[in-house]
Amino acid sequence: MTANLYDSSNSEHILVKYFKDHKLSEVKTDVLVTTYDIEVGKPFYFSSRLAKLADPKEKEDFMIREIARSTSAAPTYFEPSILQGKPGDELVFVDGGVFANNPSILAYAEGKEIYKSLTIKAFNPVVQATDDDLPFYMLSIGTGTSPKSISGDDATKWRTAEWLNPLLSSVFMQSVAESTHYTMQHLLPPYADGSLRYQRFNMVIPEENSEMDDASEKNIDRLCEIADAYITENQDALMGVCEILTS
1 MTANLYDSSN
11 SEHILVKYFK
21 DHKLSEVKTD
31 VLVTTYDIEV
41 GKPFYFSSRL
51 AKLADPKEKE
61 DFMIREIARS
71 TSAAPTYFEP
81 SILQGKPGDE
91 LVFVDGGVFA
101 NNPSILAYAE
111 GKEIYKSLTI
121 KAFNPVVQAT
131 DDDLPFYMLS
141 IGTGTSPKSI
151 SGDDATKWRT
161 AEWLNPLLSS
171 VFMQSVAEST
181 HYTMQHLLPP
191 YADGSLRYQR
201 FNMVIPEENS
211 EMDDASEKNI
221 DRLCEIADAY
231 ITENQDALMG
241 VCEILTS
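Note that the sequence shown covers residues 1 to 247 in the numbering used here.
Simulated from the structure, these hints should not be mistaken for laboratory data.
Being a predicted model, the structure only gives us computed values, none of them experimental.
Careful, some of the hints might be misleading.
Claimed, not checked - Here are the simulated DSS-like pairs of lysine-lysine, each with C-alpha atoms no more than 30 Å apart in a straight line:
{"hint": "1", "residue 1": "Lys-42", "residue 2": "Lys-52"}
{"hint": "2", "residue 1": "Lys-52", "residue 2": "Lys-86"}
{"hint": "3", "residue 1": "Lys-86", "residue 2": "Lys-28"}
{"hint": "4", "residue 1": "Lys-23", "residue 2": "Lys-116"}
{"hint": "5", "residue 1": "Lys-28", "residue 2": "Lys-59"}
{"hint": "6", "residue 1": "Lys-17", "residue 2": "Lys-28"}
{"hint": "7", "residue 1": "Lys-42", "residue 2": "Lys-59"}
{"hint": "8", "residue 1": "Lys-57", "residue 2": "Lys-20"}
{"hint": "9", "residue 1": "Lys-57", "residue 2": "Lys-28"}
{"hint": "10", "residue 1": "Lys-218", "residue 2": "Lys-17"}
{"hint": "11", "residue 1": "Lys-112", "residue 2": "Lys-57"}
{"hint": "12", "residue 1": "Lys-42", "residue 2": "Lys-20"}
{"hint": "13", "residue 1": "Lys-59", "residue 2": "Lys-17"}
{"hint": "14", "residue 1": "Lys-42", "residue 2": "Lys-28"}
{"hint": "15", "residue 1": "Lys-112", "residue 2": "Lys-52"}
{"hint": "16", "residue 1": "Lys-20", "residue 2": "Lys-86"}
{"hint": "17", "residue 1": "Lys-112", "residue 2": "Lys-17"}
{"hint": "18", "residue 1": "Lys-23", "residue 2": "Lys-59"}
{"hint": "19", "residue 1": "Lys-116", "residue 2": "Lys-57"}
{"hint": "20", "residue 1": "Lys-17", "residue 2": "Lys-86"}
{"hint": "21", "residue 1": "Lys-42", "residue 2": "Lys-86"}
{"hint": "22", "residue 1": "Lys-112", "residue 2": "Lys-218"}
{"hint": "23", "residue 1": "Lys-57", "residue 2": "Lys-42"}
{"hint": "24", "residue 1": "Lys-86", "residue 2": "Lys-218"}
{"hint": "25", "residue 1": "Lys-42", "residue 2": "Lys-23"}
{"hint": "26", "residue 1": "Lys-218", "residue 2": "Lys-116"}
{"hint": "27", "residue 1": "Lys-59", "residue 2": "Lys-20"}
{"hint": "28", "residue 1": "Lys-52", "residue 2": "Lys-20"}
{"hint": "29", "residue 1": "Lys-57", "residue 2": "Lys-23"}
{"hint": "30", "residue 1": "Lys-52", "residue 2": "Lys-116"}
Could you build all of it, start to finish, from the sequences and the hints given here?
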């Protein structure tokens, strides 16, 4: 009997249907996808920049369906994704959200490397502390947040096991996302004329609609209503984003 809630075979079938055997090096725009290798205890990044390297010993070119399976292997929901890296190197991946629930900083660093490698001759694309401000605009889109309060009275009565769920769902995940948002506001502050260089959109989802495995028709309908309301409330800001991205 498996300890995971769901069989991953259906999702893998869908990934094969849409992505077939296309590889990361074939993407039409640069991407960076996060995952976490539980066997070595370190984050792992699927980078199109690295997948396109000429040296076969250095390039990390996985199939897109493998990447999608790895970055969505949420612990307790799906079993880990096991891939073969370099000869003799087995990689055991789970959802990158365990460490980068808001990967904006990672995208910022990767963007700097790509930008400089394209604009500066003979440049070794490594982000350094002395970098000058670059002409970047970042749009960060969250998948929704559902802040959960923990009363002091309840917390004082909890035993060790009772802390596990709130720590994972409320404290660790939410705090990482919020601290990243705080940092990005300082890394990409507005220009002197007030033009924005960084924006984040992340709607609040009521707790009763926040279970990520609740795909019931009722819950999907409610999530659509919440999204529609959020778009209406932020229409001016969203139109501003469209103008920036199309200018």
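Status of the hints after comparison with the structure:
1. Lys-42 / Lys-52: 23 Å, holds
2. Lys-52 / Lys-86: 16 Å, holds
3. Lys-86 / Lys-28: With Cα atoms ~25 Å apart, Lys-86 and Lys-28 stay inside 30 Å; holds.
4. Lys-23 / Lys-116: Holds, because 25 Å separates the two Cα atoms, which is no more than 30 Å.
5. Lys-28 / Lys-59: 17 Å, holds
6. Lys-17 / Lys-28: 19 Å, holds
7. Lys-42 / Lys-59: 19 Å, holds
8. Lys-57 / Lys-20: 24 Å, holds
9. Lys-57 / Lys-28: 23 Å, holds
10. Lys-218 / Lys-17: With a Cα-Cα distance of about 28 Å, the restraint between Lys-218 and Lys-17 holds, given a limit of 30 Å.
11. Lys-112 / Lys-57: 24 Å, holds
12. Lys-42 / Lys-20: 28 Å, holds
13. Lys-59 / Lys-17: Given that 30 Å is the threshold and the Cα spacing comes to 26 Å, the pair holds.
14. Lys-42 / Lys-28: OK: Lys-42 and Lys-28 at ~28 Å, within 30 Å.
15. Lys-112 / Lys-52: 17 Å, holds
16. Lys-20 / Lys-86: 22 Å, holds
17. Lys-112 / Lys-17: 34 Å, violated
18. Lys-23 / Lys-59: 12 Å, holds
19. Lys-116 / Lys-57: 23 Å, holds
20. Lys-17 / Lys-86: Holds, at roughly 26 Å.
21. Lys-42 / Lys-86: Since the Cα atoms of Lys-42 and Lys-86 sit roughly 17 Å apart, the hinted pair holds (cutoff 30 Å).
22. Lys-112 / Lys-218: 43 Å, violated
23. Lys-57 / Lys-42: Since the Cα atoms of Lys-57 and Lys-42 sit roughly 21 Å apart, the hinted pair holds (cutoff 30 Å).
24. Lys-86 / Lys-218: Not satisfied, since the Cα-Cα distance of roughly 46 Å exceeds 30 Å.
25. Lys-42 / Lys-23: Holds. Lys-42 to Lys-23 sits at ~23 Å (cutoff 30 Å).
26. Lys-218 / Lys-116: 48 Å, violated
27. Lys-59 / Lys-20: Satisfied, since the Cα-Cα distance of roughly 21 Å is no more than 30 Å.
28. Lys-52 / Lys-20: Roughly 19 Å separates the two Cα atoms, so the pair holds.
29. Lys-57 / Lys-23: 16 Å, holds
30. Lys-52 / Lys-116: Judged against 30 Å, a Cα distance of about 16 Å means the pair holds.
Comparing the model with each earlier hint shows violations of hints 17, 22, 24 and 26; every other hint is respected.
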